[in-house]
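**Q** One letter stands for each residue in the lines below.
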Amino acid sequence: MNSFWKHFDIPIGDWVQTGVDWIQVHWAPGLDAFAAVVGFLVNSLQNSLSVIPPTILALLIVAFGFWRVGWRFGIFALISMVLLLGMGLWPQTVETLALVIASSIIALIIGLPIGVLMARSEVAEHIFRPILDFMQTMPPFVYLIPAAIFFGLGQVPGTIATVIFAMPPAVRLTNLGIRQVSKENVEAGLSFGCTERQLLFKVQIPLAMPSIMAGINQTIMLALSMVVIASMIGAGGLGNVVLTGIQRLNVGLGFEGGLGVVIVAILLDRITQSFGFKKKRGK
Amino acid sequence: MTEKIVVEDLYKIFGPDPDEAMKLLEQGQSKDEIFKKTGMTVGVQKASFSIHQGEIFVIMGLSGSGKSTMVRMLNRLIEPTAGKVYIDDVDVTAMSRSELISLRRHDMSMVFQSFALMPHKTVIENAAFGLEVSGVDRSKREERAIAALDQVGLKANANSYPDELSGGMQQRVGLARALATDPSIMLMDEAFSALDPLIRTEMQDELVGLQQKSTRTIVFISHDLDEAMRIGDRIAIMQGGEVVQVGTPEEIVSNPANDYVESFFYGVDVSQVYTAGDIVDKKQVTVIERPGVSVRAALDRLRHYDRDIGIVIGKDRRYHGMVTADRLEEQARSDGEPKYADAYLTDVEAIPASTPLSEILGIVAQRRYPVPVVDEDGTYLGSISKTTVLRTLDKAGGAEQ
Chain G
1 MNSFWKHFDI
11 PIGDWVQTGV
21 DWIQVHWAPG
31 LDAFAAVVGF
41 LVNSLQNSLS
51 VIPPTILALL
61 IVAFGFWRVG
71 WRFGIFALIS
81 MVLLLGMGLW
91 PQTVETLALV
101 IASSIIALII
111 GLPIGVLMAR
121 SEVAEHIFRP
131 ILDFMQTMPP
141 FVYLIPAAIF
151 FGLGQVPGTI
161 ATVIFAMPPA
171 VRLTNLGIRQ
181 VSKENVEAGL
191 SFGCTERQLL
201 FKVQIPLAMP
211 SIMAGINQTI
221 MLALSMVVIA
231 SMIGAGGLGN
241 VVLTGIQRLN
251 VGLGFEGGLG
261 VVIVAILLDR
271 ITQSFGFKKK
281 RGK
Chain B
1001 MTEKIVVEDL
1011 YKIFGPDPDE
1021 AMKLLEQGQS
1031 KDEIFKKTGM
1041 TVGVQKASFS
1051 IHQGEIFVIM
1061 GLSGSGKSTM
1071 VRMLNRLIEP
1081 TAGKVYIDDV
1091 DVTAMSRSEL
1101 ISLRRHDMSM
1111 VFQSFALMPH
1121 KTVIENAAFG
1131 LEVSGVDRSK
1141 REERAIAALD
1151 QVGLKANANS
1161 YPDELSGGMQ
1171 QRVGLARALA
1181 TDPSIMLMDE
1191 AFSALDPLIR
1201 TEMQDELVGL
1211 QQKSTRTIVF
1221 ISHDLDEAMR
1231 IGDRIAIMQG
1241 GEVVQVGTPE
1251 EIVSNPANDY
1261 VESFFYGVDV
1271 SQVYTAGDIV
1281 DKKQVTVIER
1291 PGVSVRAALD
1301 RLRHYDRDIG
1311 IVIGKDRRYH
1321 GMVTADRLEE
1331 QARSDGEPKY
1341 ADAYLTDVEA
1351 IPASTPLSEI
1361 LGIVAQRRYP
1371 VPVVDEDGTY
1381 LGSISKTTVL
1391 RTLDKAGGAE
1401 Q
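If you're matching them up, the sequences are chains G and B in order. Sequential numbering of the first sequence, starting at 1, is according to our numbering. Sequential numbering of the second sequence, starting at 1001, is according to our numbering.
The set of hints was computed from the structure by calculation and includes no laboratory data. Check before you lean on any hint, since a few could be wrong.
[To be verified] Pairs of lysine to aspartate or glutamate, EDC-like flavour, derived with a Cα cap of 20 Å:
| # | chain 1 | residue 1 | chain 2 | residue 2 |
| --- | --- | --- | --- | --- |
| 1 | G | 202 | B | 1163 |
| 2 | B | 1315 | B | 1376 |
| 3 | G | 183 | G | 122 |
| 4 | G | 183 | B | 1163 |
| 5 | B | 1084 | B | 1026 |
| 6 | B | 1023 | B | 1008 |
| 7 | B | 1213 | B | 1233 |
| 8 | G | 183 | B | 1079 |
| 9 | B | 1121 | B | 1150 |
| 10 | G | 202 | B | 1125 |
| 11 | B | 1121 | G | 187 |
| 12 | G | 202 | B | 1137 |
| 13 | G | 202 | B | 1142 |
| 14 | B | 1121 | G | 184 |
| 15 | B | 1213 | B | 1055 |
| 16 | B | 1386 | B | 1359 |
| 17 | B | 1315 | B | 1289 |
| 18 | B | 1046 | B | 1009 |
| 19 | G | 183 | B | 1190 |
| 20 | B | 1339 | B | 1300 |
| 21 | B | 1036 | B | 1019 |
| 22 | B | 1036 | B | 1242 |
| 23 | B | 1339 | B | 1329 |
| 24 | B | 1283 | B | 1226 |
| 25 | B | 1283 | B | 1224 |
| 26 | B | 1283 | B | 1202 |
| 27 | B | 1121 | B | 1164 |
Bear in mind that the values here come from a model prediction, so they are computed numbers and not experimental data.
So that you can see chain B by itself, here it is in the shape it has in the complex (with noise of 0.2 Å):
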């Protein structure tokens, strides 16, 4: 496999004299040490790992591990305190400015967390913006810029502006932008964490699904662990700046380097810890009741997401119901006035997010549907589906061994 990036003893130091950091770092002092004695953060440390062309690589950790900082020294949009990073072979910590403005306008693009669209300018217009930086005429770019919002299903959108958007088109205008310029590399700054669950599953597949068609090499920064397992061909671990572990997910998973890998994946007894709040998600479709949205509304929006069943919550977010889409269907037929009311399951109780895990499991087994969890108001937290308890035992287990 080739190697498109290659990060050589990397090292970021915030603060106004960074060859003093340094200096302690030799010595062996610690990140924490280093800020109580002169004020200077260490952003990243000796991180040495190589990307290989064509995969998605995702960097994982959480907040304050160095991802962001990592991924933006790859284009230099922070400056590296010391170590190399070479593309294809080339340094680019010794580029000249114009030589990495070619560099950024031909063969990297970005995607950022919070979309970073031009808001004065047209979907077309944000996705033409790299091309439209590096100079290739009006007719050229807006062809191109087409080309790749058809990639993203957003053809139709072309004309719109960014705030007429959903959150989730807006991140695909993003990501056309980032296509446009058929760059060899795309990074993805926590592209997809600003995105609502659902819209993001759907992002992540179809990240991959144009991955397969290309030879693209994505760095994907992520806070995320199920984001990471389900997109990542290999995953990167920081902690403290600290590049600890890489590997494919199975790899991580089966022989994590330290306990600090190890916590992403296995807790405690998960069991006599964890209470229905903790382990809720929420992968089900809600609908919220109010007085002038039909049942065929809501009947649509299970259809939409391809569901069986879907949550009833009131406009303050208690929890009203959990409905089929047959039983919906049903009362949009009826003669009456459909109600939601009517088309509740009976058999499905709310149980308070206090309920411990282990009384959980009997509850779950006995159900055909997930479960809902609510707060001590009434507010709709999640549900709990029999996969979910499921995993977390799974993690339990793993504790054991």
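Just chain G, with the same shape it has in the complex (with noise of 0.2 Å):
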């Protein structure tokens, strides 16, 4: 018996190697395009964010926090801001922001659409949630593994892990909002002679609006973290500072990265979340 199981193998691992080796090999140029597209985004954004003198920047975003969340909020993005220029890590900080917001809009870009569909359709529905429940509960490092692969090192893989990593919350949450409006307020709309189309972009995405603000808001935190991880196929940013800490056995430096990302991780969740309660015009 013990012999049997010895000799018994399900090769899955040969399996995968196989088929990444034939993508690698008949769909270069769709990938290359691929990592062209994603490359542009990240750079172009990183340039524009870089432009920026730091201490405008950063003003800027303390201004946001004001406007958006509140005055203590404000103080808050102040101390922050004060913080990470303090500690020297202005240039890495802007690096994650511009990976953080490149990979957030690729993910929404495909991951809204996608649940719009599944809401639609129970055909949809049922093909893409098994595909979210994978994605979701494999570990973060294994996507590393084939972005590397497939595009090396750097930004761009680091991009596309986190891309992949990060989109399951925009397509649930655009999913259960659409089918969660009230069963009376979608007849409202067809009574009224709505067609599909208006059904869609007038009633059910306007009445989901709170639940796909929070998919949007859950993707960008998920986008931070993945970023973080992706520093370890060269990524860059923040998680960069962390990796080299532990490398190195610096804790100050490690403490630093981590402080950075948290202090980023609360200035990005505060602001999506502003967003998913609209605030309302005076009478």
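Both chains are given apart, each in its own frame, so use the hints to dock them into the complex.
**A** If you want it as structure tokens, here you go:
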């Protein structure tokens, strides 16, 4: 019996390897084009954020915090900016921000339409649900391997791994939000003569907005955590500071990098959340 | 009279294989038998009736009688399984998608029980929704929306959001939205059922008032007999998916088609069976007594509803006493701190909910004012007026005939 199991082998690892090799050979132009687009997006975001003098960008972020969230948060943002600049982590912060924004944008461009599709079609829901489960339960590190194989090292594979890891909540919560729109609201839309498209854009999406915004917020937060991990394949940014801290057993450096990540996380979370509850215009 | 809507032999089966259920229906099997055998639900069966132009046609029935399904088949929010619906002699069941959309945009609108307003839109944007959908430009549609809001008395709230309005006002927005497209048919699905009784009667009167100035045809779904009698020019009564009787309120009262219809109007010998708790109504205005709310506010409330008397209850809904507007006014004018307690009518005592109707008769007959009713804990349940008792007895009389 023992010897049977010793010789019984399902070579899933080999199959995956073969599949990956095949894709690498046959899809090379497609992969290159995709990498070029992603690279362009990340670079131009990073360049435009770096062009702005640190003081001005920091003040802009503080002002944005004041406007969207409130004065307490504005003060928090101010202290955060001083800390980041004081720790000398500004370039890394900007790099991380650019990566997060780029990968979130790509994740949303792909994810939101899939969410809408899932809400409107049972078939789509049955196809995508297990894929999403798979994407969410897979440990994030695993995404780094194929990303590195297809796209080498650097920001592009980092961004792509992040996109895959961060997409599920946006898809799920868009689907859920649209499905939760009350039956009478949908009937109201239809009874006044909405076409399918009008029903989607004038009734379902607006009413699902709080849920969709929660999904976007989650996607951005996941993107941040993945961007940090992606520093392992050379994505750079604050994650790189933490990584260097670990490699050199430099506790102080690791802590500074970690603190930077926490600050960016809180800023992104609060600011994106503030869009979930749209401020009402006065009477 | 012109026939606006004609329903011919209409059926709706909910389930995976409607044809099978239809066959069983043809063999004379009942709704329950079909459900047991196939798990499919017969929503509406062999419904035929016509609705005249300009009338308020009430479709009445208990929950599960198929009335909501029926109204949704008129604008095909629910697709009929078999049968025809004609509007102005055009077969709605044969319409293409685009014809149907055009019908919904121009000739029919709908008002919903839960209001179904868009919370992210202002009142005027909500009222203009139907026009927006059909592509009317902004200035034109706002003009028409304002006119519709004016009709329901909400012009001043045009820029509010729905959640800033009371239930009654929200449903006025729902009504304005349905009026704004100026449709010839308005479908109202339990439109006033979610409103409290005072607002409800107010809205019913207003609907009847609006109707006097137009030739609009209204199909009104209700489970409430009082409402049906109050606003309906004609009433269709549904039972188990079938339309069992169609007629004017008088016709139905004087000549009910079967026991089911009769049971809406006539009970058994009510004076023996019914207790005070069974026949109370909440038509009296209540005032909640709590620190900081002045007697004057209560007085304003009575004036607002044009009532002479009001019931004072605690925050825990316990009955405290009954006041008249006059006595409240005395208190409000008096020098000292005005108190509810000093305004209570002394000769009014609450009766327990378990008092049988036969005993209530004597009590109510002697009183000038309605008698408040409380449960074992002293919680206020409602009140019984002379009219309430007479109406209940009238039903009892009918049963003996």
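**Q** It remains to establish, for every hint, whether it holds in the given structure.
**A** Verification of the hints:
| no. | hint | result |
| --- | --- | --- |
| 1 | G:202 - B:1163 | holds, 19 Å |
| 2 | B:1315 - B:1376 | holds, 17 Å |
| 3 | G:183 - G:122 | holds, 17 Å |
| 4 | G:183 - B:1163 | holds, 19 Å |
| 5 | B:1084 - B:1026 | holds, 17 Å |
| 6 | B:1023 - B:1008 | holds, 18 Å |
| 7 | B:1213 - B:1233 | holds, 15 Å |
| 8 | G:183 - B:1079 | holds, 16 Å |
| 9 | B:1121 - B:1150 | holds, 18 Å |
| 10 | G:202 - B:1125 | holds, 12 Å |
| 11 | B:1121 - G:187 | holds, 17 Å |
| 12 | G:202 - B:1137 | holds, 16 Å |
| 13 | G:202 - B:1142 | holds, 17 Å |
| 14 | B:1121 - G:184 | holds, 16 Å |
| 15 | B:1213 - B:1055 | holds, 12 Å |
| 16 | B:1386 - B:1359 | holds, 13 Å |
| 17 | B:1315 - B:1289 | holds, 7 Å |
| 18 | B:1046 - B:1009 | holds, 5 Å |
| 19 | G:183 - B:1190 | holds, 15 Å |
| 20 | B:1339 - B:1300 | holds, 15 Å |
| 21 | B:1036 - B:1019 | holds, 16 Å |
| 22 | B:1036 - B:1242 | holds, 19 Å |
| 23 | B:1339 - B:1329 | holds, 11 Å |
| 24 | B:1283 - B:1226 | holds, 13 Å |
| 25 | B:1283 - B:1224 | holds, 15 Å |
| 26 | B:1283 - B:1202 | holds, 12 Å |
| 27 | B:1121 - B:1164 | holds, 12 Å |
Against the hints set out earlier in the document, no violation occurs for any number.
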